[in-house]
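Enquirer: Residue 22 in numbering that gives the first Met the number 0 sits at position 23 of the sequence shown, with consecutive numbering throughout.
Honestly, the hints are just simulated from the structure, not real lab data.
Once the Cα atoms are required to be at most 25 angstroms apart in a straight line, the calculated SDA-like pairs of lysine to any residue come out as:
| # | residue 1 | residue 2 |
| --- | --- | --- |
| 1 | Lys13 | Glu30 |
| 2 | Lys81 | Lys119 |
| 3 | Lys121 | Phe82 |
| 4 | Lys105 | Met122 |
| 5 | Lys105 | Leu91 |
| 6 | Lys123 | Asp102 |
| 7 | Lys123 | Asn98 |
| 8 | Lys80 | Glu111 |
| 9 | Lys119 | Arg130 |
| 10 | Lys81 | Glu92 |
| 11 | Lys126 | Thr86 |
| 12 | Lys80 | Lys113 |
| 13 | Lys119 | Thr86 |
| 14 | Lys80 | Trp125 |
| 15 | Lys81 | Ala127 |
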Amino acid sequence: MSLDSWAKRWNWDKSKVRRFLNTLQSDNMIELKSDTITTQLTICNYESYQGERNADETPVKRKRNAGETQTTPIEERKEEKKFIIPTFNDVLEYCMQNNLDVDGVKFINFYESKGWMVGKNKMKDWKAAVRTWVKPKQEQIIDPLVEYVNKQLGL
0 MSLDSWAKRW
10 NWDKSKVRRF
20 LNTLQSDNMI
30 ELKSDTITTQ
40 LTICNYESYQ
50 GERNADETPV
60 KRKRNAGETQ
70 TTPIEERKEE
80 KKFIIPTFND
90 VLEYCMQNNL
100 DVDGVKFINF
110 YESKGWMVGK
120 NKMKDWKAAV
130 RTWVKPKQEQ
140 IIDPLVEYVN
150 KQLGL
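Working from the sequences, and respecting the hints, build out all of it.
Expert: As structure tokens, then:
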């Protein structure tokens, strides 16, 4: 089937289908072979997804079938660090260490009110979020009249 056909069948857009299939391929669950018209999809370890349906097969037959479709083993995914909500002191200490001009109380209150969400996603790194709160340095805006007077007075 083509990616367009899969997209229509699953009611997804073509890029979502491509990302999904690439994820399955990177996890060694499928193999993809594409040409100009279609994409051939081969399921790796098909028998392991069949459950009790093939329970009556002999172990020898299962082993032979597994050998025919086995690819490299799936690497275990790295465990993500669990997000820990920072205290005001954590934010203050981080800002002081990195010379950041951030209102820590506003930062904490803002994300508390959002349930520590960034858009629709749980926050992963509060330090990165703090860095986006850095206040820009106020540039001195010089009034043209003041500048002219200062120039005339030699200041």
